[in-house]
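Q: One-letter residues, chain by chain:
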Amino acid sequence: MESYSERVMEHFRNPKNVGEMENPDGTGHVGNSVCGDIMELYIKVEDNIIVDAKFKTFGCGAAIATSSMVTELVKGKTVDEALKVSNRAVAEALGGLPPIKMHCSVLAEQALKSAIDDYLAKSRKAQKEGK
Amino acid sequence: MKRTRPEGIRLSSAKVQSRRIYLDYAATTPADTEVVKAMSPYFTDRFGNPSSIHSFGQEGKAAIEEARGKIASLLGARQEEIIFTSGGTESNNFTIKGVVYANSSKGNHIITSSIEHPCMIESCKFLEKNGFKVTYLPVDKDGLINPEDVKKAITPETILISIMHANNEIGTIEPIAEIGRIAQEQDIYFHTDAVQTFGHIPVNVDEFNVDLLSVSAHKLYGPKGVGALYVRKGTKMASFMHGGEQERRRRASTENVPGIVGFGKAAEIAKNSMNEEAKKLTILRDKLIRGIFEKIADIRLNGHPIRRLPNNVNVSIEFIEGESMLLNLDMEGIAASTGSACSSSSLEASHVLLALGLLPELAHGSLRFTLGRYTEEEDVDCVLEVLPKIADKLRSMSPLYKENR
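Chains as they are written, first to last, in the numbering used here: chain A, 303 to 433; chain B, 19 to 423.
Misleading hints may appear alongside valid ones.
[What the hints assert, rightly or not] 20 angstroms max Cα-Cα, derived SDA-like pairs, lysine to any residue:
#1 A/K356 to B/D410
#2 A/K346 to B/P417
#3 B/K407 to A/P317
#4 A/K356 to B/M349
#5 B/K411 to A/M311
#6 B/K407 to A/N316
#7 A/K356 to B/P417
#8 B/K411 to A/P317
#9 B/K411 to A/K346
#10 B/K407 to A/V320
#11 A/K415 to B/P417
#12 B/K407 to A/K415
#13 B/K411 to A/D349
#14 B/K411 to A/N316
#15 A/K356 to B/S414
#16 B/K411 to A/G321
#17 B/K411 to A/M323
#18 A/K318 to B/D410
#19 A/K318 to B/S414
#20 A/K318 to B/K411
#21 B/K407 to A/M311
#22 A/K318 to B/M349
#23 A/K318 to B/P417
#24 B/K407 to B/R37
#25 B/K411 to A/E312
#26 B/K411 to A/E322
#27 A/K318 to B/L345
#28 B/K411 to A/R315
#29 A/K356 to B/Y419
#30 A/K356 to B/L418
Since the hints were made in silico from the structure, they are not lab data. All figures in this text were calculated on a predicted structure; none of them were measured in a lab.
Work out the full structure: start from the sequences and follow the hints.
A: See the structure below:
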């Protein structure tokens, strides 16, 4: 198998933003145990800006590194900007991924989108209820 | 006999700064220094082509015949029943294709198991595309094949039964002699892949009732790129490579003389050290298994608890994934292996672990340590010190662990 870049190994060794979040504004849960990767991503949003992001991941080195990188990339971004963060951007920020591991970056992108969708759905509901 | 440890493999001693512990002997073994010494002259001084009539050639010829004798002796076979190949994969391909081509007028059915090495399974899949029928027998939760299942699967069309002696991933040792008896009664060719057992535990072609048997040198401290196929006298099979008189016309190609000499030496060493080594490894194996169970919660032992290779430890550590464990172990200088999809290019968990009935997340969480000639108790202690910390670290990151608490 092709080996990982130094950036990937850095994020694997010392992943950023690991852990659960108390009362997240949005939660994304993607992946399944058959393919071997499960990601959970939490975001905190203030004034339409993602002020914090955290994750928990079951998976390989690339899955952990991409989770770590995507949370780093979106912190400080507006929700709209964050929606534009692609799997390619995550992979590039990690100095590339072996081709067979590109699906991990797709999963990271999906986890982010799913957390943002959850946030948007919650805020629409809150607006409707007039909170 | 205590054998010299190669330079690359270090003890976990405090004196050694950069410790590296190799626990992947089922993948490959380092060549024994005696083996390398025996091979060396055949690259330079005794380089002759064994097919040549002159004295240079005859030196090579004599060397390969001597090696053939050593391998035959360890198998309880006759010298002329050994064919040298390029390794276990070739021996298995040779068997499947050679027997099938030569016996297709008798039938088109092959019986094998669902836990064979990929080179066997893929060869069978290839034949299925070409009109042959293959039965892949199931195994029980410990990886054992039931000989009764073999009996039931036989049809008038069956021309070959191939069941591995011991599984490379989980170490389960199959009831080969019993299956061999069934094959013999029904007059069907029987092959076993003994790559993981030859030179490690007793392998005898007559006791096993086998017609064909595959072995590989680099699994028993010999060189890579050389193996052998035992073919019982009278077995009808097609040649694998054409274009020369070598190996009784069954496998053309100039012989890998240094490799074959090294293989012979490795077999000779194994013959003398095998029993003692198996005893030592069984003790270390059991210490490692026991230690993992004591120090880490939610563990499953994969493979049979007793009918098991002396050097094989395979466990699933729940809620975490194999490749991330391997990377963490490697950072500590420990080399192991996993059945997780993430460390392969197929993106599927090990077919062997799934055949045991393991849930995919447990198959992804498997870890295999295979011990060998140079493994010491300190190495096992080091794993037992490091692994629980790695499991804790990865579990603290795992969404599955949380769900289960």
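Q: Against the earlier hints, flag every one the structure doesn't satisfy and list their numbers going up.
A: Hints 4, 9, 12 and 13 contradicted; others consistent.
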